[in-house]
Amino acid sequence: MSRKFRVLITGANTATGRGLAHELYRDQAQIEYVLAVGTDEQPYYFRDYHQDRFGYRPVNLNKPRQQKELFMSEPFKRARIDTVVHLAFLPTANGTSEPFDVAVEGTRQFLGQCLETPSIEKFIFNSGSLVYKLRPWTSCCIEEDSELNFDPGVDAWTRARVDADMLCRAKMDNGRMRIVVLRPSPIIGRNISSHLNNFLESYLVTTIAGFDPMMRPVHSSDVRKAIKLSILRDVQGVFNVAGPDIAPLSEFCRLSGRPFVSLPFGVLRRINRWQRALGLTLCNLDVEPTWLKYSCILDTRKAEKKLGFEPEHHIKFG
Amino acid sequence: MNSKARARIRKLIRALDGPRGLERLESMGMDDEGFGYDRFGFERESLYAGYLFARQLYRRWFRVDSRGHENVPRSGRAILAGNHSGLLPFDGAMLAVDLLEKLEPPRPLRSIVDHFAFALPFVGQMMYRTGQVPGTPRNFRDLLEREQLVLVFPEGTKGIVKPFSERYQLRPFNVGFVEIALEAEAPIVPFAVIGAEEQAPVLFSIPLLGKRFGMPTFPITPTFPWLGVAGLVPYPVKYRIAYGEPLLLHREYPKESARDPDVVRAISEKVRSRVQGMIDLGLELRKSKGLVGALA
Numbered sequence: 001m002s003r004k005f006r007v008l009i010t011g012a013n014t015a016t017g018r019g020l021a022h023e024l025y026r027d028q029a030q031i032e033y034v035l036a037v038g039t040d041e042q043p044y045y046f047r048d049y050h051q052d053r054f055g056y057r058p059v060n061l062n063k064p065r066q067q068k069e070l071f072m073s074e075p076f077k078r079a080r081i082d083t084v085v086h087l088a089f090l091p092t093a094n095g096t097s098e099p100f101d102v103a104v105e106g107t108r109q110f111l112g113q114c115l116e117t118p119s120i121e122k123f124i125f126n127s128g129s130l131v132y133k134l135r136p137w138t139s140c141c142i143e144e145d146s147e148l149n150f151d152p153g154v155d156a157w158t159r160a161r162v163d164a165d166m167l168c169r170a171k172m173d174n175g176r177m178r179i180v181v182l183r184p185s186p187i188i189g190r191n192i193s194s195h196l197n198n199f200l201e202s203y204l205v206t207t208i209a210g211f212d213p214m215m216r217p218v219h220s221s222d223v224r225k226a227i228k229l230s231i232l233r234d235v236q237g238v239f240n241v242a243g244p245d246i247a248p249l250s251e252f253c254r255l256s257g258r259p260f261v262s263l264p265f266g267v268l269r270r271i272n273r274w275q276r277a278l279g280l281t282l283c284n285l286d287v288e289p290t291w292l293k294y295s296c297i298l299d300t301r302k303a304e305k306k307l308g309f310e311p312e313h314h315i316k317f318g
Numbered sequence: 001m002n003s004k005a006r007a008r009i010r011k012l013i014r015a016l017d018g019p020r021g022l023e024r025l026e027s028m029g030m031d032d033e034g035f036g037y038d039r040f041g042f043e044r045e046s047l048y049a050g051y052l053f054a055r056q057l058y059r060r061w062f063r064v065d066s067r068g069h070e071n072v073p074r075s076g077r078a079i080l081a082g083n084h085s086g087l088l089p090f091d092g093a094m095l096a097v098d099l100l101e102k103l104e105p106p107r108p109l110r111s112i113v114d115h116f117a118f119a120l121p122f123v124g125q126m127m128y129r130t131g132q133v134p135g136t137p138r139n140f141r142d143l144l145e146r147e148q149l150v151l152v153f154p155e156g157t158k159g160i161v162k163p164f165s166e167r168y169q170l171r172p173f174n175v176g177f178v179e180i181a182l183e184a185e186a187p188i189v190p191f192a193v194i195g196a197e198e199q200a201p202v203l204f205s206i207p208l209l210g211k212r213f214g215m216p217t218f219p220i221t222p223t224f225p226w227l228g229v230a231g232l233v234p235y236p237v238k239y240r241i242a243y244g245e246p247l248l249l250h251r252e253y254p255k256e257s258a259r260d261p262d263v264v265r266a267i268s269e270k271v272r273s274r275v276q277g278m279i280d281l282g283l284e285l286r287k288s289k290g291l292v293g294a295l296a
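Those sequence lines, one after another, are chains C and Z. Residue numbers for the first sequence follow the numbering used here, beginning at 1 and rising by one. Residue numbers for the second sequence follow the numbering used here, beginning at 1 and rising by one.
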């Protein structure tokens, strides 16, 4: 009889977290129990789930006391969690009330708590392709060991993401708990707040004149699939996750059906600030805009080989 | 490029070259990732557009005369390595046109280009679309893995800004292309371009000024920067291109020799001396010497 997993998901209120919790809950053959952790009270979409197989706790992971209470709580102990999926780390540069360094510290403490919990055997961290340094000299295909963005001039959000990614990598040789870092390409999907999704959902999509980088976005379903494979497979390490479609940014702008214009970067930045102020976009181009200039095609050969990950969903809009 | 623009370019080629001309170009191989681009950003129709423009230069401005096409593989991975000169890389463009014109079926030439060009708006985009990639080992290996014909100028940018007084004297070759050729078991086809070294005589260069503009150096010619951008227009020199016999390294050296710096350096020198020999022969064959010979 194959082993069944008992999984804790942070960021269960996000679109990815909600979808993942749902998929894991439905997979009775391989998943025994799901404990979802979100920042708000239990949302309506989790209310019909059976308590024997599903639990929900509101926890702000940036607050050490709440974190400690989670690990000390009776429901957590009863759940005997063996796998943690950490999705709660700064999904977007917008709408966070916590300073970014607090979020990094929260992740550091959360990882430490997981390491101290004997039942937890695996920790999966959802990082992102924005941690890579994109410059004119970057190779078109980016492998997992490509240079990360340690640029001292980089914005605080990107730096926080790189820091959290590095925290997880630094603990990989702990000898007890397996750590998996997934670095998905920009995610496209309903209610997903990735930088590319927010960008393409703007009322007027604005790109940098003279640049049309190649991209390989990934559908949210494929990201959930990669996370699930990370839970089920006996793996550790960093894995790039990307979709089957490779095309320039302009092709995805066309597919999105939104009007788009190309402008010099200085003008574009100002327009983006106005758009954000007027609520016409959620995309923040003050945050590491190099993805609008230089290609970022993630090399997924490692994920294909070790995780058995094959992207299935092509990018569609509407 | 949207579908309408793509259709317009095809229509233009059909009008200029007839259906056979278009069919010939369409027979060119390409790794389409599903949207009409390969993963490096190469787009067939952008190459066609570039080809339509550049072949006017090829036929009328540089009046290119080429030989030795039998040495260029019709399929499979291969590296073209030769001399680089002329301030702006018209030599690369003319080689690309030459292979589209003379090879059957035509092969797109994938050039390894200094990355500073890809930081420039429009220029970088045009380069990606016409098949050029930033010069990184990974890009180079990926192209060979995909059985492409890759163009390298082992002199690098030092070649294009060398002073006029040192024309046709090759700068030391970089060795990275040899390492990759050995690893990928790819033949190296040496080539020489005669004429390009006289298209924009560099009097001297100011590297510090170049750095200010994000370029490797700032060259001074009889016309640049005095005439502004117009000063970069090349002289109408006649190009003579020769492709030499390929060096089948994998028959002589095992893959592991890519890690031996002495072997790599020796092969690089061998390629360099082959190219220098072809240049010397080409100059001898040119009837008149100096700038008159270059123009005629």
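Hints in this document: simulated from the structure, not taken from any laboratory. A quick note: this is a predicted structure, and the numbers were derived from the prediction, not measured. A virtual CB, placed ideally from N, CA and C, is assigned to each residue, including glycine. There may be inaccurate statements among the hints.
[Unchecked claim] According to the in silico footprint, chain C covers these stretches of chain Z (three or more CB under 8 Å from chain C):
id, stretch
1, 28-36
2, 127-134
[Said to hold, decoys possible] List time: in silico SDA-like cross-link candidates among lysine to any residue, alpha-carbon distance up to 20 Å:
id, chain 1, residue 1, chain 2, residue 2
3, C, K133, Z, P121
4, C, K305, Z, D142
5, Z, K211, C, W137
6, C, K316, Z, G36
7, C, K316, Z, D32
8, C, K302, Z, R39
9, C, K302, Z, R141
10, C, K133, Z, D114
11, Z, K158, C, W137
12, C, K133, Z, K4
13, Z, K211, C, R135
14, C, K316, Z, D114
15, C, K316, Z, S3
16, C, K171, C, P136
17, C, K68, C, E116
18, Z, K4, C, L255
19, Z, K4, C, R258
20, Z, K4, C, R276
21, Z, K4, C, K171
22, C, K133, Z, N2
23, C, K302, Z, H115
To see whether the hints hold, each was checked on the structure:
| no. | hint | in the structure |
| --- | --- | --- |
| 1 | 28-36 | holds (count 3) |
| 2 | 127-134 | holds (count 3) |
| 3 | C:K133 x Z:P121 | holds (19 Å) |
| 4 | C:K305 x Z:D142 | holds (18 Å) |
| 5 | Z:K211 x C:W137 | holds (16 Å) |
| 6 | C:K316 x Z:G36 | holds (17 Å) |
| 7 | C:K316 x Z:D32 | holds (19 Å) |
| 8 | C:K302 x Z:R39 | holds (18 Å) |
| 9 | C:K302 x Z:R141 | holds (17 Å) |
| 10 | C:K133 x Z:D114 | holds (18 Å) |
| 11 | Z:K158 x C:W137 | holds (18 Å) |
| 12 | C:K133 x Z:K4 | violated (35 Å) |
| 13 | Z:K211 x C:R135 | holds (17 Å) |
| 14 | C:K316 x Z:D114 | violated (36 Å) |
| 15 | C:K316 x Z:S3 | holds (18 Å) |
| 16 | C:K171 x C:P136 | violated (32 Å) |
| 17 | C:K68 x C:E116 | holds (12 Å) |
| 18 | Z:K4 x C:L255 | holds (15 Å) |
| 19 | Z:K4 x C:R258 | holds (18 Å) |
| 20 | Z:K4 x C:R276 | violated (33 Å) |
| 21 | Z:K4 x C:K171 | violated (53 Å) |
| 22 | C:K133 x Z:N2 | violated (30 Å) |
| 23 | C:K302 x Z:H115 | violated (27 Å) |
Consistency note: the structure conflicts with the earlier hints numbered 12, 14, 16, 20, 21, 22, 23.
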